[in-house]
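Trainee: Chains A and B supply the protein sequences, listed in that same order.
Heads up, the working numbering is the position in the first sequence plus 41, with the first residue counted as 1.
Heads up, the working numbering is the position in the second sequence plus 41, with the first residue counted as 1.
Any given hint could turn out to be false.
[What the hints assert, rightly or not] Facing chain B, a subset of chain A residues (Cβ under 8 Å, in silico):
no.	residue
1	Pro107
2	Gly108
3	Pro387
4	Ser394
5	Trp395
[Claimed, not checked] Over 12 Å on every C-beta distance to chain B, these chain A residues come out as not near it, computed from the model:
no.	residue
6	Tyr48
7	Glu50
8	Lys58
9	Ala233
[Unchecked claim] Each computed EDC-like pair below joins lysine to aspartate or glutamate, with the alpha-carbon atoms no more than 16 Å apart:
no.	chain 1	residue 1	chain 2	residue 2
10	A	Lys313	A	Glu286
11	B	Lys411	A	Glu77
12	B	Lys43	A	Glu127
13	B	Lys446	A	Glu349
14	A	Lys313	A	Glu143
15	B	Lys43	A	Asp124
16	A	Lys391	B	Asp445
17	B	Lys199	B	Glu179
Just so you know, the hints here were simulated from the structure itself, not pulled from any lab data.
Note that the Cβ used here is the ideal one computed from N, Cα and C, for glycine as well.
Protein chains: 2
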Amino acid sequence: MKLDDLYSELTLKTGAKLVLVVLDGVGDIATTAQNEMTPLEAAATPNLDALVRQGCAQGRMTPVAPGITPGSGPGHLALFGYDPIETQVGRGVIEALGLGIELGAGDVAARANFCTLGARGIVTDRRAGRIETPVCEELCALLSKKIKKLGDTEVLIKAGKGHRFVVVFRGKGLEGPLTDADPHREGLPIPAIQPVDAASAKAKKTAKLAAEFYSKALPLLAKKAPANGFLMRGIAHQPEIPLFEQRYGLKPACLAVYPMYKGLAQLVGMTKIEGPETIGQQFEKYLSEHGNYDFFFIHYKYTDMHGEDGNFEAKKRAIEDFDAALPILLRKKPDVLAITGDHSTPCFMKSHSWHPQPVLLHSACSGSDKLERFSETGANLGSLGLFEAKFLMRHMQAHARMFDKFGA
Amino acid sequence: MKLDDLYSELTLKTGAKLVLVVLDGVGDIATTAQNEMTPLEAAATPNLDALVRQGCAQGRMTPVAPGITPGSGPGHLALFGYDPIETQVGRGVIEALGLGIELGAGDVAARANFCTLGARGIVTDRRAGRIETPVCEELCALLSKKIKKLGDTEVLIKAGKGHRFVVVFRGKGLEGPLTDADPHREGLPIPAIQPVDAASAKAKKTAKLAAEFYSKALPLLAKKAPANGFLMRGIAHQPEIPLFEQRYGLKPACLAVYPMYKGLAQLVGMTKIEGPETIGQQFEKYLSEHGNYDFFFIHYKYTDMHGEDGNFEAKKRAIEDFDAALPILLRKKPDVLAITGDHSTPCFMKSHSWHPQPVLLHSACSGSDKLERFSETGANLGSLGLFEAKFLMRHMQAHARMFDKFGA
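Please construct the entire structure, taking both the sequences and the accompanying hints into account.
Mentor: In C-alpha cells form, the structure reads like this:
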C-alpha cells in the first residue's frame with residue numbers, strides 16, 4: 042500500500058482551520074560575522090515567543106533531500122505535501138507563473154529572452170546587450186500582435202525584466218519537455234528544438250509548433266538589432282498535479298503578494314485571494330475570509346529577499362515586522378498553525394541553501410517542547426525532529442485531528 | 042527520477058578539498074561503569090574543541106538501518122556514499138581485501154579455514170584444533186605451490202591468522218555467490234558447492250572450478266591432520282561498484298594503515314597512498330598530497346581496536362592521540378572536513394554496535410550549533426539531526442558548494 046493511499050483512506054472531515062505561514066528562506070546559519078546568531082535568534086519577536094510559551098512543537102525540515110538546495114518551485118511543492126522530486130515543474134512553467142500567467146494543465150511554457158544574431162544566424166550576444174524592460178515590452182507587444190495563433194494553438198507572449206520574456210503555447214495535444222533553443226554560448230547558431238522523449242507524438246507536435254513560431258517571429262525582429270533574435274529554454278508543459286482539495290479534503294486559499302507564489306498555489310488548485318500587499322493586510326484578509334476556506338497559505342517574501350542580499354539586519358527586521366503583525370492572525374487563532382520557510386537563505390551565502398529550515402507547529406495537541414523561542418538551534422531540540430518537508434502537511438492534518446486511527 | 046540521478050545532474054566542479062576522517066568505531070555509550078561518560082566525552086580534546094567553537098554542524102548517523110550493526114565493509118561503503126544494502130560485498134571479498142590481496146572486478150574470493158576430517162569425510166573439528174598461524178602459512182604455501190592454475194583460472198591462496206586463509210579465483214567468466222562448502226556444524230560432511238543463482242552459467246562454471254580445487258587440494262592435506270581438510274564460505278566475486286570519482290566528480294585518495302580499509306577504498310577506485318603508519322604521518326601525507334586530490338579518506342583504527350577490547354582508557358587515549366595530531370591536518374584546512382566513525386564500538390559491548398555514530402562537519406557554511414565539544418550527547422542536539430550514513434557524502438558535497446540549485 043502506498044503511504045499516500047493510507048493517508049487518504051484515514052482522512053476525516055473535521056471543519057478545522059489550518060494556516061501555513063511561509064517566511065520564505067527564513068532558515069539561516071549562525072556565523073561569527075553575525076555574532077553567532079541567526080536572524081531569527083537576533084530578532085525581537087515577543088508575539089512569537091508568547092506563542093511558543095503557550096505550547097508549540099518545533100523541528101527542522103529537509104526541503105528535498107540531504108544537501109539539495111531547492112528553488113521556490115520544489116520548496117513550495119514540498120510544503121504543499123507533494124514529493125518535490127516526483128512532481129517536477131519545468132522552468133518555463135515556473136517562469137510563466139512568476140509573470141502571473143494563468144496556466145492550465147497541458148499549457149506548454151518556455152522561458153525566453155532576446156538575443157543578438159549575426160551573419161548566418163550565429164548568436165553573438167545571448168542577452169541582446171541586456172536591453173531595457175520597456176524595449177522588451179515593446180518587442181513582446183509586436184510579437185503578440187502578429188502571432189496570436191499557430192493553427193489551433195493559441196500563443197501568449199509576456200515580457201519580463203530586461204531581455205527576458207515568456208512564451209506559452211495553449212492548445213490540444215501539446216507536451217514537453219523539449220530541448221532548448223539555445224546554444225548556451227555565443228558563436229553558435231540556435232539549435233533546432235527537439236522533443237526530449239523522441240517517442241512522444243505530442244512532444245513532436247509541440248516541437249514543430251515551436252519551430253513554426255520561430256519561423257514567424259524571427260522575420261518580425263530582423264531589423265530590431267541588438268534584439269534581432271531570441272532563445273527559448275526549459276520548454277515544458279504544466280504537469281497534472283493531484284489537486285490540494287482532493288488530496289487533503291481541505292478547501293485551500295492562497296494569500297501571497299508575489300506572482301510566483303500565487304502561481305505555485307494555483308498549480309495545486311488553491312484559490313488566489315487578491316488584494317493584500319503587506320503581511321498585516323494578508324492577516325486581515327485571513328480574518329475576513331476565515332469562514333470561506335479550511336486552509337490558508339500565507340506567503341511572506343522579505344526574509345528571503347534580504348537573505349539573498351546578505352543583509353542580516355534587514356532580514357532580522359523583516360522577521361520583526363512579521364512578528365508585529367502576528368497578533369492580527371491570532372485574533373481568529375486557527376486550529377493548526379505552522380510557521381516555517383520553504384528553505385533556508387543564509388545571509389552569509391546570499392542564496393538559497395540546503396540547511397534544514399526550522400518549523401513551528403501550534404495546535405491544541407502540539408504539546409510543549411519547553412523551549413522559550415522559535416529558532417534554528419531551539420528547533421534542533423524539538424519534538425518534531427528532523428523530517429522531510431513533504432510531511433509537514435501530514436503533521437498539520439494530524440494536529441487538526443483529521444486522521445482516523447490506523448488499524449484496530 | 043532516482044535521487045542519485047538528481048544528485049549527479051546537480052553536481053558542479055568547484056576545486057574544493059574535502060577530507061573525511063574516520064575514527065573507526067568512535068561512537069560509544071555512557072554507562073555507570075564508565076562514570077556515565079563515553080570515551081569521546083572523557084578524552085581531553087583541546088584541538089577538536091577549538092574547531093567546534095569555530096563553528097561546526099553536528100549530528101548522528103545510522104550506519105545502515107535502525108538496529109543493524111555493520112561490519113567494516115558496509116560501514117565504510119555507507120561513508121563513501123553507497124547504499125550498504127544495495128551494494129553488498131561478499132565476505133570472501135572483504136576477507137581478501139583485509140589480507141591485502143589486490144582484487145580486480147570479477148575476481149571470486151572465499152574465506153577459508155582448515156578443519157579436521159574424520160572417516161568418510163565427516164567434519165570432526167571445524168577449526169582444525171585452532172592450528173597456529175605459522176602452520177597455516179606452511180599449509181597455504183604448500184597449496185599455492187601445487188595449485189597455481191585450474192585450466193585458465195589463476196588460484197591465489199593467502200594465509201590469515203590461526204586456521205584462516207583466503208582463496209581467490211582469477212579468470213574469465215567467473216561469478217559468485219556460491220553456497221558455502223561448510224556444514225556449519227560438526228558431524229556432517231562438507232556439502233558440495235552450488236551456484237546461489239542456478240540460472241547463472243558463470244556461477245555454475247565457478248562452482249565447478251571450486252569443486253576441482255577441492256579435489257586437487259584435499260589429497261595434498263591427507264596426512265596433515267588435524268588440518269587435513271578445509272571449509273570455504275562467503276564465496277563471491279568483487280562487485281562492479283560505480284567509481285567514486287565518477288559518482289562525485291572528486292579525485293579521491295586513501296590514507297589508511299590497515300589493508301582492510303585500503304581494500305575498501307580500492308573497491309570504489311580511490312588511490313591508495315602508501316607510507317604513513319601513524320595518524321600524524323597520515324596528516325603530514327595529506328599536506329604533501331594536498332594538490333593532487335580533491336577528496337581524502339583518512340582512516341584511524343585504534344578507537345575501534347580498543348573498543349573491541351573493552352578498554353575504555355585506551356580508547357580515550359586513542360582519541361587524545363588523534364586530537365594531538367589534528368593541528369597538522371589543519372595547517373591546510375580543507376574546505377570541508379567531516380570527522381566521524383563507520384559505526385560505534387562501545388567498550389561495554391566489546392564489539393561493533395548499531396548505535397548511531399556522532400558526526401562533525403566543518404566548512405565555511407556549516408554555521409555553529411553552539412555546542413562546546415564533539416560528543417555523542419552533544420551531537421544529539423546538532424543541526425544535522427539523525428540521518429543515514431550514506432548521505433554524509435551528499436552533505437559534504439553541499440558544504441563544498443558542489444550542488445547547483447534544484448528547480449527555479
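Trainee: Take the hints in turn and mark each one as holding or not.
Mentor: Hint by hint, here is what the structure shows:
With a least beta-carbon distance of about 4 Å to chain B, the hint placing A:Pro107 at the interface is held under the 8 Å criterion. Satisfaction of the interface hint for A:Gly108 is found here, the shortest Cβ-Cβ separation to chain B being roughly 3 Å, below the 8 Å cut-off. Because the beta carbon of A:Pro387 sits about 7 Å from the nearest beta carbon in chain B, less than 8 Å, this interface hint is met. Interface restraint check for A:Ser394: the shortest CB-CB distance to chain B comes to about 7 Å, inside 8 Å, so the restraint holds.
At about 5 Å, the closest approach between the beta carbon of A:Trp395 and any beta carbon in chain B falls short of 8 Å, and the interface hint on this residue holds. For A:Tyr48, the requirement that its beta carbon stay farther than 12 Å from each beta carbon of chain B is met, with the minimum near 22 Å. The non-interface label for A:Glu50 is consistent with chain B: the shortest C-beta to C-beta separation is roughly 26 Å, beyond 12 Å. Every Cβ of chain B is farther than 12 Å from the Cβ of A:Lys58; the closest lies at roughly 30 Å, confirming the non-interface assignment.
The claim that A:Ala233 is not at the interface with chain B holds, since no C-beta of that chain comes within 12 Å of its own (minimum 23 Å). For the hint linking A:Lys313 to A:Glu286, the alpha-carbon distance of about 14 Å falls within 16 Å, and the restraint holds. Restraint check for B:Lys411 and A:Glu77: satisfied, since their Cα atoms lie roughly 8 Å apart, inside the 16 Å limit. With a C-alpha separation of about 9 Å, the suggested pair B:Lys43 and A:Glu127 falls inside the 16 Å cut-off, and the hint holds.
Straight-line distance between C-alpha atoms of B:Lys446 and A:Glu349 comes to about 14 Å, which keeps the hinted pair within the 16 Å bound. Distance restraint check for A:Lys313 and A:Glu143: the Cα-Cα separation of roughly 11 Å lies within the 16 Å cut-off, and the hinted pair is therefore satisfied. About 12 Å separates the Cα atoms of B:Lys43 and A:Asp124, which keeps this hinted pair within 16 Å; it holds. Our distance criterion of 16 Å between C-alpha atoms is met by A:Lys391 and B:Asp445, whose separation comes to about 14 Å.
Note on B:Lys199 and B:Glu179: the hinted pairing holds, with a Cα-Cα distance of about 10 Å set against a maximum of 16 Å.
The earlier numbered hints are all upheld by this structure, with none contradicted.
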